[in-house]
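Q: Chains as they are written, first to last, in our numbering: chain W, 1 to 507; chain Z, 1001 to 1228.
Where hints are given, some of them may not hold.
Said to hold, decoys possible - Below, in silico cross-link-like pairs of lysine-lysine (DSBU-like), each with a Cα-Cα straight-line distance of 30 Å or less:
#1 W:LYS382 to W:LYS151
#2 Z:LYS1221 to W:LYS383
#3 W:LYS151 to Z:LYS1075
#4 W:LYS37 to W:LYS383
#5 Z:LYS1221 to W:LYS334
Stated by the list, open to error - What follows is a list of derived Cβ distance ranges for each label pair:
#6 Z:ARG1206 to W:SER54: 53 to 61 Å
#7 W:VAL93 to Z:ALA1113: 38 to 46 Å
#8 Z:ARG1059 to W:ASN192: 33 to 41 Å
Because the hints were derived from the structure by calculation, they are not lab data.
Just so you know, even glycine gets a beta-carbon here, dropped at the ideal spot from N, CA and C.
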Amino acid sequence: MVAGDLRAIVCTRSLALGIDWGDVDLVIQVGSPKTVKRLVQRIGRANHRYNAPSKALLVPANRFEVVECVAALEAVKEHDLDGDPKGPGPRDVLCQHILIAACAGSFDADALYQEIKSVGAYRSLSRAAFDDCLDFCATGGYALRAYDKWKRLLQTADGRWQLRDPRAAQRIRMNIGTIQDTDTLKVRMKGNFKPLGEVEEAFAATLTPGDTFLIGGQVVRYENLKEMTVEVTRRGDKTPKIATFMGTKFANSTQLSQRILRMFDQPDWPELPIHTAEWLALQRKFSKLPKADRILVESFPHEGRHHICVYGFAGRNAMQTLGMLLTQRMEELKLHPMGFVATDYATLIWGLDPVHDPAPLFEPVNIRADFETWLSGNAVMKKTFRGAATIAGLIERNLPQARKTGRQATFSSDILYDTLAKYDPDHIMMRITREEAMRGLVDFGRIEEMLSRTAGRIDHLILDRVTPLSLPMFLEQGRIAVAGAGQERLLEEEAARLMAEAGVAAL
Amino acid sequence: MKLALGLQLRQEQTMNTYRFSFCDIACSALPSGALHLPDHGVLCVSDLHLGKSERIARRSGVMLPPCEVAETLQKLEADMAITQPRQIICLGDSFDDLVAAASLDEDTRLWLARLQAGKDWIWIEGNHAPGPIDLGGTHRNEVAVSGLTFRHIATSAPAEVSGHYHPKHRVTGRSRPAFLFDQKRMIMPAYGAYTGGLASNTPVLRDLFEGPVTAILTGHKAIPAPVL
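Extracted from the complex, chain W is given alone in its bound form (with noise of 0.2 Å):
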């Protein structure tokens, strides 16, 4: 790419910050930029000179990601920016930098304590904050006193602090980092050494033995999957599957989201494109458009289930809140939710019954109180605490030595999470995972935000079928299933219904 030997590079946001290259001439952004500054940023990256202009060329996946880029253009174009200010340094990071302090040799206490407070984001972190982070490094940091025998870090005659086993810091310098990644598995040609690349363990986990798909360049043939590689051979005679990468997804900005709201209320949209303004008129005539003052919610079926499409407005990870509390309101109500999928301006949830009035299920009191009950046992928690729980060193990554043996060594550290809530529900790590998922996944705040301005204030709106504006959410990937007894319901028909095929249903 330095070089210039690259006619072009397709990248995720990691070549969007902090590298300087002077000959892009143009940068294709796909997707929303969800916020007003980073789509400024990535404009940037063209022309990266003083005196040129950038340029870029947008490309929404759907309508919905039209209005968003026209809004944020717009947006733009006013030197109207957005963004929040940054929190405190997360707690999870500093109880991992110790753990690499220990490595590099013994240390002071109160040297490290002076040492982090000079760092800008830790500033104000008290000295008992800071202990309970060292005492989580040492011993683990639990109610019950277990590890006395086998605390990782000790403390010498002379005050400082050290490894119990120098060999540990092999272990602990391989998982430093605070990005986390994806599992991904390596792809090689049967009988060849050599990786054509990785996907992730999600897409891996779709195929089947003859399915095919596209990597670097070419058309390859799943054979099997041996010792974390999947195995292809060349040479594919079905359509090949396109790999999908995850990667993270962020909440667009409440700016963002406030300037779309606003867009909605206009007579018509000489801005938009036409079949995305056609796309808007269809929906003000067949249902109603979202206003920002009111919850609008739309019932309708759709391949034998019961949807509802609740548009708050909240972002992404709010929204994805909101999905949880609603099915888990539902759940309570019997009416078997399935499973929902959100994105920064709807809730999309889908189940066996219909709701019928869907008011209570947005009285703040109840999603307050919801809220507190439910924030213990989430796959949302859950998730944050992997993040955190791997930073901190509670967790060793998948490391790939590892996980070629690791039969029974791994299990998922939601099991650790649950014992952790039923045995020592305020430990630090549960209380870094309540903080960081406040802040990151959870995004309680915009959910606050959102009931303030609507006040109660509910359109329900019941029709026969997908809406104009519901249609883009039955594409968006990242759907959550709800563990509940809809899901027992239906995985005991589908075992049933495998038992009676298989001819052995009277055992």
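We have chain W; now place chain Z onto it with these hints.
A: Just chain Z now, kept in the frame of chain W:
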């Protein structure tokens, strides 16, 4: 009132178990992953892996929540209360290793002793924790119950119940610890709280069976499904 609640609990548990016949013996798979032979008063659990967190801390320095012993014994206590067995068979790998067994704290030892009181308690040898340990109960390589042989690792002999492999099975995208059995042998799921698993379709597990294999998924309810 308390009695009524207990009765209700027991009924619910009975509803969630799966009754079937294996080598002409009435069996009941509990949703926890325990096997109950009601006609013989036998309760069998496999691969408890007690002391796993201690062993991991000792060997790698990683300090997992030290809760798996309490979690596993609580589950076992509940299953014993429901099934009222005469004999308990722990089908091997009951402890993660001998040091882990030796370093159980006093409360846990007392708890185990309480569970063992008045029961015929059998520790089957496993590959993780082989030798005898200073806890109550009898140590055996294998044990026979009415023609069924209980041992840790499957052999080619018929009418056999074993553990070791920690089988899991997947239906509608959800993978859960599961019993696997055909006409001749049964592989039990791991009962311990901190245990991973091996998918039912991996060759090493498939090769153990001859006829069509049925899985019984554990979890909220024991659910049978064919292994295709």
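Q: All the hints need checking, so say for each whether the structure fits it.
A: To see whether the hints hold, each was checked on the structure:
1. For the proposed pair W:LYS382 and W:LYS151, the alpha carbon gap of about 26 Å is at most 30 Å, so the pair holds.
2. Among the hinted pairs, Z:LYS1221 with W:LYS383 is consistent with the structure: their alpha-carbon atoms are about 25 Å apart, no more than 30 Å.
3. Taking the CA atoms of W:LYS151 and Z:LYS1075, the gap is about 29 Å. The hint holds against a cut of 30 Å.
4. As the CA atoms of W:LYS37 and W:LYS383 are separated by approximately 27 Å, the hinted pair is consistent with the 30 Å bound.
5. As the CA atoms of Z:LYS1221 and W:LYS334 are separated by approximately 19 Å, the hinted pair is consistent with the 30 Å bound.
6. Between Z:ARG1206 and W:SER54 the beta carbon distance is about 58 Å. The supplied range of 53 to 61 Å therefore holds.
7. W:VAL93 and Z:ALA1113 have their C-beta atoms about 45 Å apart, which keeps the hinted 38 to 46 Å range intact.
8. Hint check: Z:ARG1059 to W:ASN192, Cβ distance near 36 Å, so the stated range 33 to 41 Å holds.
Against the hints set out earlier in the document, no violation occurs for any number.
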